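Residue numbers (my numbering), protein chains in the order written: chain A, 65 to 376; chain B, 65 to 376.
Because the hints were derived from the structure by calculation, they are not lab data.
Wrong hints could be hidden among the right ones.
Treat identical chains as interchangeable: a pair holds within one or across any two.
As the list claims (entries may be wrong) - Within a straight-line C-alpha distance of at most 20 Å, the following computed SDA-like cross-link-like pairs (lysine to any residue) qualify: (1) Lys182 / Ala275; (2) Lys181 / Pro261; (3) Lys369 / Ile106.
Note that the structure is predicted; figures quoted are calculated from it, not measured.
Number of protein chains: 2
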Amino acid sequence: MNGLRPFCAAVDWGTTNLRVWLLSDDGKVLDERRGAEGLLSITDRGFGRVLEAHLNALGAPGNLPVVICGMAGARTGWLEAPYVETPARLDALADRAVRVEDAKREIFILPGICQRKKDAPDVMRGEETQLLGASLDGVGDGLFCLPGTHSKWVNVEGGAVTRFSTFMTGELFELLRSRSVLAQFASASHGPAESAPAFAEAVRNVLDDSANAFGRLFSIRAAALLENEGELATARLSGLLIGAEIAAATRGRSNSEIRLVASGSLAGAYAAALEVAGLSKTLFDPETLAVRGLFKSARMLWPDKSAKADVA
Amino acid sequence: MNGLRPFCAAVDWGTTNLRVWLLSDDGKVLDERRGAEGLLSITDRGFGRVLEAHLNALGAPGNLPVVICGMAGARTGWLEAPYVETPARLDALADRAVRVEDAKREIFILPGICQRKKDAPDVMRGEETQLLGASLDGVGDGLFCLPGTHSKWVNVEGGAVTRFSTFMTGELFELLRSRSVLAQFASASHGPAESAPAFAEAVRNVLDDSANAFGRLFSIRAAALLENEGELATARLSGLLIGAEIAAATRGRSNSEIRLVASGSLAGAYAAALEVAGLSKTLFDPETLAVRGLFKSARMLWPDKSAKADVA
Chain A
65 MNGLRPFCAA
75 VDWGTTNLRV
85 WLLSDDGKVL
95 DERRGAEGLL
105 SITDRGFGRV
115 LEAHLNALGA
125 PGNLPVVICG
135 MAGARTGWLE
145 APYVETPARL
155 DALADRAVRV
165 EDAKREIFIL
175 PGICQRKKDA
185 PDVMRGEETQ
195 LLGASLDGVG
205 DGLFCLPGTH
215 SKWVNVEGGA
225 VTRFSTFMTG
235 ELFELLRSRS
245 VLAQFASASH
255 GPAESAPAFA
265 EAVRNVLDDS
275 ANAFGRLFSI
285 RAAALLENEG
295 ELATARLSGL
305 LIGAEIAAAT
315 RGRSNSEIRL
325 VASGSLAGAY
335 AAALEVAGLS
345 KTLFDPETLA
355 VRGLFKSARM
365 LWPDKSAKAD
375 VA
Chain B
65 MNGLRPFCAA
75 VDWGTTNLRV
85 WLLSDDGKVL
95 DERRGAEGLL
105 SITDRGFGRV
115 LEAHLNALGA
125 PGNLPVVICG
135 MAGARTGWLE
145 APYVETPARL
155 DALADRAVRV
165 EDAKREIFIL
175 PGICQRKKDA
185 PDVMRGEETQ
195 LLGASLDGVG
205 DGLFCLPGTH
215 SKWVNVEGGA
225 VTRFSTFMTG
235 ELFELLRSRS
245 VLAQFASASH
255 GPAESAPAFA
265 EAVRNVLDDS
275 ANAFGRLFSI
285 RAAALLENEG
295 ELATARLSGL
305 LIGAEIAAAT
315 RGRSNSEIRL
325 VASGSLAGAY
335 AAALEVAGLS
345 KTLFDPETLA
355 VRGLFKSARM
365 LWPDKSAKAD
375 VA
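Chain A extracted, bound-state conformation (with noise of 0.2 Å):
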């Protein structure tokens, strides 16, 4: 805990794993932890313990206040918060987060945002409070793209989430390459895929044709079996993917800049497809942006709470 006493605890706590810090009064991270309990692992709503097991191992003081993002929120997770409708500004989300009752510490569960268009529905729970983090920066307003197993991209105008649409491409991608009739050719083991020329290639293909993007999975393995291309399967089914992704979430966008919230492999190849399709970008780390989000929140939901007056 680097001798600082921390001045809340903040969690994002997704569908598969979770992230528990803490926060200075100034935001820093002082310790952090990251454990494989998301939403879909616990059962018997044993929210509670795991979250007090990570806190315990932390350090962390017994009354320390929790503020958590994510599917902790769902209507399946811990304490359903529900979603603030579009248009949602991103500084009142925090006005709607939600008190776990019974727990010994001051514990709130942020909300997520919907879309109720209804040739639009939509919704999204976490990424709320990276964007969050990144209007403290004042590059709140824009298109962000969020990209992972369900990708978002959002527009963000005055401050508020106007209008989003997710793209299950990271789904597609694990469930294609690993359970469909592409899996004998698209193995992981093929080093990054966007670096190879068949990526570009694949993203610039669906770029030019994007409203048939489905009817260019099955070629993957067509130019396998014919050509014996087979060790570019991953390359082209990332690109394809991607590019399709691209290509429907930016249409009449051509001269936006897009602010890409990715790290590490993701963001290579959403940066290599983003230069294929000749768009410009800004790049932000998601964690660092959960973070500030989170923090963000905390001093919203105790405004006048000082680290220092808890020391004991």
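Chain A is already provided as a structure; the job is to place chain B on it using the hints.
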């Protein structure tokens, strides 16, 4: 065996099953069997033993010749029957059949067709024999839709396959319905999906905005969460995928009549979707066409053979 001596045995050997027919010398089905020993379930090159077991159960004479179409001719099948390249005359495919040399009877495997186009490589094995079957009715030319795990859309001109494209619609449907984040809502238990208004609406939506087909997948989940419309998920998923296929396959063809080769629920779903798209169709039974195509091929392989001459 109806008391008639068969002219040949005909086999459609697919990835997950096979069908065996005994045919008279005028192409009538005298008897038939189905088996689950598709390409994927046969190990140790056991194709010959599987075939003989089925022929034996049908009481087929030991010298009865056999003609086979489908995946048995794949590189990973019984014996590779190399693809014939487009444009591929349907009535010349039998010339490129390969003979299984180590069999005790005459066994020929028909080739598939490939399209070696750099921007749209594609392959088929089995569907070409159904198309040959259709050509016997004088309805050979036109745009054929053969839905399934891997749907084929095929242009036949002057009795030749000139171009075609494959859509992984059936496979995507199964993967998304059973293994994706949509599986929570999309179960198979909601009755015939194509009869639901939600099916037609999903077809219409994707036809209106086909460049965003991938982007519509997650909205099925969002609508289930926001509007409690989980019971519509299967119909919507089916409509979205079939609609995206039709949109891509019929671009620039608003006046085409589609020759739909399908039966059962697939026929119902595609007929309903084509109607939403304002496209007219003629329906053909896939099995009837396969039998006709196999018989036509057998007649080309053994032009002088008479069933009667074989009577002991």
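Tested hints:
In the homo-oligomer, the alpha carbons of Lys182 and Ala275 lie at most 20 Å apart only across protomers (19 Å), although the nearest pairing inside one protomer, at 22 Å, exceeds that limit. Taking identical chains as interchangeable, the C-alpha atoms of Lys181 and Pro261 lie at most 20 Å apart only when they sit on different chains, with a minimum of 19 Å there against 39 Å within one chain. In this assembly of identical chains, the alpha carbons of Lys369 and Ile106 never lie at most 20 Å apart, being 32 Å within a copy and 69 Å across copies at closest.
Violated hint for the displayed structure: number 3, the only one.
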